[in-house]
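Novice: Sequence:
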Amino acid sequence: MNLKSFAETDYKYAFEAIAEDLMLTLELQEALVAIGLLEASFEESWADRGFDQATATALLTFQTNFLPDTSLERQYGYFGAETAKALIEAQPTSRGTVTLSNSKSDGKSQVGDMASRIYNYMVKKGYTVFTERKQYNIVYIEGMNPDFTLNNDAPDEFNDLRLVLEVQEGKPAIVGKWEGTTEPGKVYTIDRPLNRNGAARIEFKQHRCWQVDIHNRGKVSAHEALVQTGGKVTVHRDRNKDFIRTNDDLDRGFFGINQHWGFDFPKNNIKTASAGCLVGRTTAGHKQFMEFVKQDNRYESDRKYVFYTTVIAGDDLMKSEHDVVS
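Note that the numbering used here gives residue 1517 to position 195 of the sequence shown, counting from 1, and the numbers run on in steps of one.
It is worth saying that the hints were derived from the structure and are not from the lab. Using N, Cα and C, we set each Cβ at its ideal position, and we do this for glycine too. Any given hint could be a false lead.
[As the list claims (entries may be wrong)] The following label-pair restraints were derived from C-beta to C-beta distances:
| # | residue 1 | residue 2 | range |
| --- | --- | --- | --- |
| 1 | Thr1392 | Asp1469 | 55 to 63 Å |
| 2 | Phe1576 | Lys1407 | 40 to 48 Å |
| 3 | Lys1616 | Phe1576 | 18 to 26 Å |
[Stated by the list, open to error] In silico SDA-like pairs for lysine to any residue, Cα to Cα no more than 25 Å straight-line:
| # | residue 1 | residue 2 |
| --- | --- | --- |
| 4 | Lys1430 | Lys1641 |
| 5 | Lys1616 | Ala1495 |
| 6 | Lys1508 | Asp1478 |
| 7 | Lys1541 | Lys1593 |
| 8 | Lys1447 | Val1633 |
| 9 | Lys1616 | Val1497 |
| 10 | Lys1447 | Thr1421 |
| 11 | Lys1493 | Phe1565 |
| 12 | Lys1589 | Arg1620 |
All chains, full assembly: derive it from the sequences and hints.
Specialist: Here is the structure:
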(Lines of atoms letter the chains of each structure in order from A and count residues from 1; the text may use other names and numbers.)
(Lines give C-alpha, C1' and ligand atoms only; values in the text may rest on other atoms or scores of the structure.)
Protein backbone atom coordinates (compact mmCIF):
# COMPACT_ATOMS: atom_id res chain seq x y z
CA MET A 1 0.00 0.00 0.00
CA ASN A 2 1.30 3.48 -0.79
CA LEU A 3 1.34 6.38 1.64
CA LYS A 4 -1.56 8.23 0.01
CA SER A 5 -3.82 5.16 0.10
CA PHE A 6 -2.90 4.47 3.71
CA ALA A 7 -3.85 8.04 4.66
CA GLU A 8 -7.40 7.28 3.48
CA THR A 9 -7.84 4.28 5.81
CA ASP A 10 -8.51 3.90 9.52
CA TYR A 11 -5.65 1.38 9.96
CA LYS A 12 -3.49 1.53 13.06
CA TYR A 13 -0.11 -0.10 12.36
CA ALA A 14 2.49 -1.08 14.89
CA PHE A 15 5.98 -0.63 13.47
CA GLU A 16 6.22 -4.39 12.89
CA ALA A 17 3.22 -4.15 10.54
CA ILE A 18 4.84 -1.35 8.53
CA ALA A 19 7.91 -3.55 8.04
CA GLU A 20 5.76 -6.20 6.35
CA ASP A 21 4.62 -3.74 3.64
CA LEU A 22 7.61 -2.93 1.41
CA MET A 23 5.89 -0.23 -0.66
CA LEU A 24 4.65 1.58 2.42
CA THR A 25 8.08 1.30 4.03
CA LEU A 26 9.84 2.73 0.97
CA GLU A 27 7.44 5.68 0.62
CA LEU A 28 7.62 6.41 4.33
CA GLN A 29 11.45 6.39 4.18
CA GLU A 30 11.48 8.67 1.15
CA ALA A 31 9.23 11.12 2.97
CA LEU A 32 11.47 11.11 6.05
CA VAL A 33 14.54 11.68 3.85
CA ALA A 34 12.83 14.59 2.05
CA ILE A 35 11.93 16.19 5.38
CA GLY A 36 15.51 15.75 6.61
CA LEU A 37 14.94 13.30 9.46
CA LEU A 38 16.50 10.23 7.84
CA GLU A 39 19.82 9.72 6.04
CA ALA A 40 20.03 7.43 3.01
CA SER A 41 22.37 4.45 3.38
CA PHE A 42 24.65 3.52 0.52
CA GLU A 43 25.84 0.29 2.08
CA GLU A 44 22.58 -1.27 0.88
CA SER A 45 19.44 -0.33 -1.00
CA TRP A 46 16.29 0.80 0.81
CA ALA A 47 14.64 -2.45 -0.27
CA ASP A 48 17.40 -4.49 1.41
CA ARG A 49 17.48 -2.20 4.43
CA GLY A 50 13.78 -2.49 5.25
CA PHE A 51 12.09 -0.81 8.19
CA ASP A 52 15.18 -0.57 10.41
CA GLN A 53 15.84 1.10 13.75
CA ALA A 54 16.96 4.35 12.12
CA THR A 55 13.63 4.56 10.28
CA ALA A 56 11.69 3.84 13.46
CA THR A 57 13.59 6.53 15.33
CA ALA A 58 13.03 9.06 12.53
CA LEU A 59 9.31 8.28 12.45
CA LEU A 60 8.98 8.79 16.21
CA THR A 61 10.87 12.08 15.88
CA PHE A 62 8.51 13.14 13.10
CA GLN A 63 5.46 12.41 15.26
CA THR A 64 6.96 14.42 18.12
CA ASN A 65 7.76 17.39 15.90
CA PHE A 66 4.75 17.42 13.56
CA LEU A 67 1.75 16.02 15.43
CA PRO A 68 -0.15 17.87 18.20
CA ASP A 69 0.36 16.91 21.84
CA THR A 70 -3.16 15.47 21.89
CA SER A 71 -2.45 13.01 19.05
CA LEU A 72 -2.98 9.40 20.11
CA GLU A 73 -0.56 8.28 17.40
CA ARG A 74 2.11 10.47 18.95
CA GLN A 75 1.30 9.38 22.50
CA TYR A 76 1.20 5.65 21.81
CA GLY A 77 3.71 5.43 18.96
CA TYR A 78 1.68 3.73 16.26
CA PHE A 79 1.28 4.61 12.58
CA GLY A 80 -2.12 5.76 11.34
CA ALA A 81 -3.83 8.10 8.91
CA GLU A 82 -2.92 11.20 10.93
CA THR A 83 0.81 10.51 10.65
CA ALA A 84 0.50 9.51 6.98
CA LYS A 85 -1.33 12.73 6.07
CA ALA A 86 1.20 14.81 7.99
CA LEU A 87 4.09 13.09 6.17
CA ILE A 88 2.53 13.84 2.78
CA GLU A 89 1.92 17.49 3.66
CA ALA A 90 5.38 18.01 5.20
CA GLN A 91 7.38 16.88 2.15
CA PRO A 92 8.83 19.65 -0.06
CA THR A 93 7.42 17.79 -3.08
CA SER A 94 5.48 14.61 -2.54
CA ARG A 95 5.65 11.69 -4.96
CA GLY A 96 1.94 12.06 -5.59
CA THR A 97 2.60 15.25 -7.57
CA VAL A 98 4.65 13.37 -10.20
CA THR A 99 2.64 12.21 -13.21
CA LEU A 100 3.99 9.33 -15.30
CA SER A 101 3.27 8.60 -18.97
CA ASN A 102 2.81 5.14 -20.42
CA SER A 103 5.77 2.95 -21.32
CA LYS A 104 5.51 -0.62 -22.59
CA SER A 105 8.49 -2.86 -23.41
CA ASP A 106 8.96 -6.04 -25.42
CA GLY A 107 12.18 -6.72 -23.53
CA LYS A 108 14.46 -5.00 -26.04
CA SER A 109 12.76 -1.72 -26.88
CA GLN A 110 9.86 0.30 -25.56
CA VAL A 111 6.93 2.31 -26.79
CA GLY A 112 6.20 5.33 -24.68
CA ASP A 113 8.07 7.61 -22.32
CA MET A 114 11.53 6.47 -21.19
CA ALA A 115 11.80 9.16 -18.51
CA SER A 116 8.68 7.78 -16.82
CA ARG A 117 10.06 4.26 -17.08
CA ILE A 118 13.34 5.24 -15.41
CA TYR A 119 11.53 7.18 -12.68
CA ASN A 120 9.20 4.25 -12.02
CA TYR A 121 12.15 1.83 -11.91
CA MET A 122 14.05 3.96 -9.40
CA VAL A 123 11.01 4.30 -7.14
CA LYS A 124 10.38 0.55 -7.18
CA LYS A 125 14.01 -0.10 -6.27
CA GLY A 126 13.73 2.23 -3.31
CA TYR A 127 16.22 4.73 -4.68
CA THR A 128 16.12 8.44 -3.94
CA VAL A 129 14.54 10.42 -6.81
CA PHE A 130 14.71 14.20 -6.74
CA THR A 131 11.57 16.00 -7.89
CA GLU A 132 12.43 19.69 -7.41
CA ARG A 133 13.37 21.85 -10.41
CA LYS A 134 17.12 22.17 -10.93
CA GLN A 135 17.75 19.06 -8.86
CA TYR A 136 19.15 16.63 -11.37
CA ASN A 137 19.07 12.83 -11.24
CA ILE A 138 22.22 11.38 -12.80
CA VAL A 139 21.59 7.97 -14.35
CA TYR A 140 23.73 5.54 -16.37
CA ILE A 141 22.09 2.69 -18.29
CA GLU A 142 24.39 -0.13 -19.30
CA GLY A 143 23.89 -1.78 -22.70
CA MET A 144 21.50 0.82 -24.13
CA ASN A 145 21.68 2.83 -27.37
CA PRO A 146 20.84 6.54 -27.69
CA ASP A 147 17.46 5.56 -29.22
CA PHE A 148 16.69 3.62 -26.00
CA THR A 149 16.97 0.18 -27.58
CA LEU A 150 19.15 -2.48 -26.01
CA ASN A 151 22.44 -3.56 -27.59
CA ASN A 152 24.57 -6.64 -26.91
CA ASP A 153 26.70 -4.73 -24.36
CA ALA A 154 29.89 -5.89 -26.07
CA PRO A 155 33.14 -5.40 -24.10
CA ASP A 156 35.47 -2.45 -24.78
CA GLU A 157 32.82 -0.24 -26.43
CA PHE A 158 31.04 2.99 -25.57
CA ASN A 159 27.64 1.30 -25.70
CA ASP A 160 26.06 2.65 -22.51
CA LEU A 161 24.09 5.83 -21.80
CA ARG A 162 24.79 8.75 -19.49
CA LEU A 163 21.55 10.61 -18.70
CA VAL A 164 20.34 13.57 -16.68
CA LEU A 165 16.71 13.35 -15.60
CA GLU A 166 14.72 16.24 -14.13
CA VAL A 167 11.10 16.43 -12.97
CA GLN A 168 9.56 19.41 -14.77
CA GLU A 169 6.05 20.59 -13.95
CA GLY A 170 5.40 17.28 -12.22
CA LYS A 171 6.59 15.12 -15.13
CA PRO A 172 9.94 13.31 -15.49
CA ALA A 173 12.03 14.51 -18.45
CA ILE A 174 15.39 13.47 -19.87
CA VAL A 175 17.22 16.77 -20.25
CA GLY A 176 20.64 15.39 -21.20
CA LYS A 177 21.75 12.23 -23.04
CA TRP A 178 25.24 11.12 -24.13
CA GLU A 179 27.13 8.01 -25.24
CA GLY A 180 29.26 6.57 -22.49
CA THR A 181 30.53 3.53 -20.66
CA THR A 182 30.03 2.18 -17.15
CA GLU A 183 32.74 -0.45 -17.62
CA PRO A 184 36.54 -0.59 -17.97
CA GLY A 185 37.99 -1.40 -21.37
CA LYS A 186 40.31 -4.18 -22.47
CA VAL A 187 43.46 -2.30 -21.47
CA TYR A 188 42.62 -2.22 -17.76
CA THR A 189 40.61 -5.45 -17.68
CA ILE A 190 43.06 -7.80 -19.41
CA ASP A 191 46.32 -6.08 -20.30
CA ARG A 192 47.20 -4.20 -17.12
CA PRO A 193 44.61 -4.17 -14.31
CA LEU A 194 45.31 -1.49 -11.71
CA ASN A 195 44.24 -3.78 -8.86
CA ARG A 196 45.58 -7.29 -8.34
CA ASN A 197 42.04 -8.49 -7.58
CA GLY A 198 40.82 -7.38 -10.99
CA ALA A 199 39.35 -4.39 -12.78
CA ALA A 200 36.51 -2.49 -11.11
CA ARG A 201 32.97 -2.81 -12.44
CA ILE A 202 30.59 -0.55 -10.56
CA GLU A 203 27.69 -2.28 -8.82
CA PHE A 204 24.21 -1.78 -10.25
CA LYS A 205 22.58 0.42 -7.59
CA GLN A 206 22.42 4.01 -6.43
CA HIS A 207 25.62 5.50 -5.05
CA ARG A 208 26.43 8.85 -3.46
CA CYS A 209 30.10 9.81 -3.52
CA TRP A 210 30.84 12.42 -6.23
CA GLN A 211 31.88 16.05 -5.97
CA VAL A 212 32.83 18.61 -8.61
CA ASP A 213 36.63 18.59 -8.86
CA ILE A 214 39.46 17.86 -11.30
CA HIS A 215 40.03 14.44 -12.86
CA ASN A 216 43.73 13.62 -13.38
CA ARG A 217 44.83 16.74 -11.54
CA GLY A 218 48.39 17.72 -12.41
CA LYS A 219 48.40 15.81 -15.70
CA VAL A 220 48.03 17.02 -19.27
CA SER A 221 44.68 15.22 -19.41
CA ALA A 222 43.29 17.09 -16.35
CA HIS A 223 39.71 18.36 -16.67
CA GLU A 224 36.67 19.20 -14.57
CA ALA A 225 34.62 16.16 -13.61
CA LEU A 226 32.66 14.49 -10.85
CA VAL A 227 35.32 12.98 -8.63
CA GLN A 228 34.88 10.24 -6.04
CA THR A 229 35.84 12.28 -2.99
CA GLY A 230 32.50 12.27 -1.17
CA GLY A 231 32.21 8.65 -0.08
CA LYS A 232 32.93 5.01 -0.77
CA VAL A 233 31.67 3.15 -3.82
CA THR A 234 30.95 -0.55 -4.32
CA VAL A 235 32.46 -2.40 -7.29
CA HIS A 236 32.79 -5.94 -8.58
CA ARG A 237 36.37 -7.16 -9.08
CA ASP A 238 36.80 -8.86 -12.47
CA ARG A 239 39.56 -11.22 -11.33
CA ASN A 240 38.83 -13.76 -14.10
CA LYS A 241 38.84 -11.02 -16.77
CA ASP A 242 35.59 -12.11 -18.41
CA PHE A 243 34.04 -8.60 -18.63
CA ILE A 244 30.98 -9.53 -16.53
CA ARG A 245 30.02 -9.14 -12.86
CA THR A 246 28.57 -12.61 -12.31
CA ASN A 247 30.17 -14.31 -9.27
CA ASP A 248 32.76 -11.54 -8.93
CA ASP A 249 33.70 -10.43 -5.42
CA LEU A 250 32.40 -7.08 -4.17
CA ASP A 251 34.87 -4.44 -3.01
CA ARG A 252 34.03 -1.14 -1.33
CA GLY A 253 36.25 1.87 -0.90
CA PHE A 254 37.79 4.96 -2.46
CA PHE A 255 38.97 3.77 -5.89
CA GLY A 256 38.93 6.96 -7.96
CA ILE A 257 35.73 5.95 -9.78
CA ASN A 258 35.23 9.36 -11.40
CA GLN A 259 32.77 10.68 -13.98
CA HIS A 260 34.92 12.20 -16.71
CA TRP A 261 35.25 12.45 -20.49
CA GLY A 262 36.43 9.72 -22.86
CA PHE A 263 38.89 11.79 -24.93
CA ASP A 264 36.74 11.42 -28.07
CA PHE A 265 37.93 7.85 -28.55
CA PRO A 266 36.08 5.76 -31.17
CA LYS A 267 32.70 4.33 -30.18
CA ASN A 268 34.04 0.77 -30.59
CA ASN A 269 37.26 1.21 -28.59
CA ILE A 270 37.43 2.45 -25.00
CA LYS A 271 41.25 2.32 -25.07
CA THR A 272 42.60 3.87 -21.85
CA ALA A 273 39.51 6.01 -21.17
CA SER A 274 38.25 3.84 -18.30
CA ALA A 275 39.66 1.60 -15.62
CA GLY A 276 36.22 1.48 -14.02
CA CYS A 277 35.04 5.09 -14.17
CA LEU A 278 31.71 6.36 -15.49
CA VAL A 279 32.75 7.97 -18.74
CA GLY A 280 31.04 10.14 -21.33
CA ARG A 281 32.62 9.42 -24.71
CA THR A 282 33.01 12.93 -26.09
CA THR A 283 34.68 16.01 -24.69
CA ALA A 284 31.87 18.30 -25.83
CA GLY A 285 29.21 16.03 -24.35
CA HIS A 286 31.02 15.89 -21.03
CA LYS A 287 31.20 19.66 -20.86
CA GLN A 288 27.43 19.81 -21.43
CA PHE A 289 26.98 17.24 -18.64
CA MET A 290 29.06 19.34 -16.24
CA GLU A 291 27.00 22.44 -17.11
CA PHE A 292 23.91 20.62 -15.82
CA VAL A 293 25.74 19.41 -12.73
CA LYS A 294 26.90 22.89 -11.77
CA GLN A 295 23.43 24.39 -12.30
CA ASP A 296 21.96 22.02 -9.70
CA ASN A 297 20.62 24.27 -6.95
CA ARG A 298 22.20 22.11 -4.23
CA TYR A 299 25.63 22.59 -5.76
CA GLU A 300 24.98 26.30 -6.20
CA SER A 301 24.25 26.47 -2.47
CA ASP A 302 27.15 24.23 -1.42
CA ARG A 303 30.20 23.72 -3.63
CA LYS A 304 31.01 20.58 -1.62
CA TYR A 305 27.64 18.97 -2.35
CA VAL A 306 27.92 15.19 -2.84
CA PHE A 307 26.01 13.96 -5.91
CA TYR A 308 23.94 10.81 -6.18
CA THR A 309 24.26 8.60 -9.27
CA THR A 310 22.21 5.56 -10.25
CA VAL A 311 23.67 2.77 -12.43
CA ILE A 312 21.10 0.49 -14.09
CA ALA A 313 21.39 -2.67 -16.16
CA GLY A 314 19.54 -1.99 -19.40
CA ASP A 315 18.08 -5.48 -19.66
CA ASP A 316 16.63 -5.15 -16.17
CA LEU A 317 15.13 -1.74 -16.91
CA MET A 318 13.39 -3.10 -20.01
CA LYS A 319 11.62 -5.96 -18.27
CA SER A 320 7.84 -5.80 -18.61
CA GLU A 321 7.50 -5.64 -14.84
CA HIS A 322 8.79 -2.05 -15.08
CA ASP A 323 6.18 -0.96 -17.63
CA VAL A 324 4.19 2.15 -16.77
CA VAL A 325 0.45 2.02 -17.41
CA SER A 326 -1.62 4.99 -16.36
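Novice: Are the hints correct? Go through all of them and say.
Specialist: Hints and how they fare:
1. Thr1392 - Asp1469: 55 to 63 Å: Cβ of Thr1392 to Cβ of Asp1469: about 58 Å, so the range 55 to 63 Å holds.
2. Phe1576 - Lys1407: 40 to 48 Å: 43 Å, holds
3. Lys1616 - Phe1576: 18 to 26 Å: 23 Å, holds
4. Lys1430 - Lys1641: 8 Å, holds
5. Lys1616 - Ala1495: Status holds; Cα separation ~18 Å.
6. Lys1508 - Asp1478: Holds. Lys1508 to Asp1478 sits at ~6 Å (cutoff 25 Å).
7. Lys1541 - Lys1593: Cα-Cα ~18 Å, so holds.
8. Lys1447 - Val1633: 12 Å, holds
9. Lys1616 - Val1497: Answer holds: Lys1616 to Val1497 is near 14 Å, not above 25 Å.
10. Lys1447 - Thr1421: Judged against 25 Å, a Cα distance of about 18 Å means the pair holds.
11. Lys1493 - Phe1565: Cα-Cα ~36 Å, so violated.
12. Lys1589 - Arg1620: Violated - the C-alpha atoms of Arg1620 and Lys1589 are around 33 Å apart, more than 25 Å.
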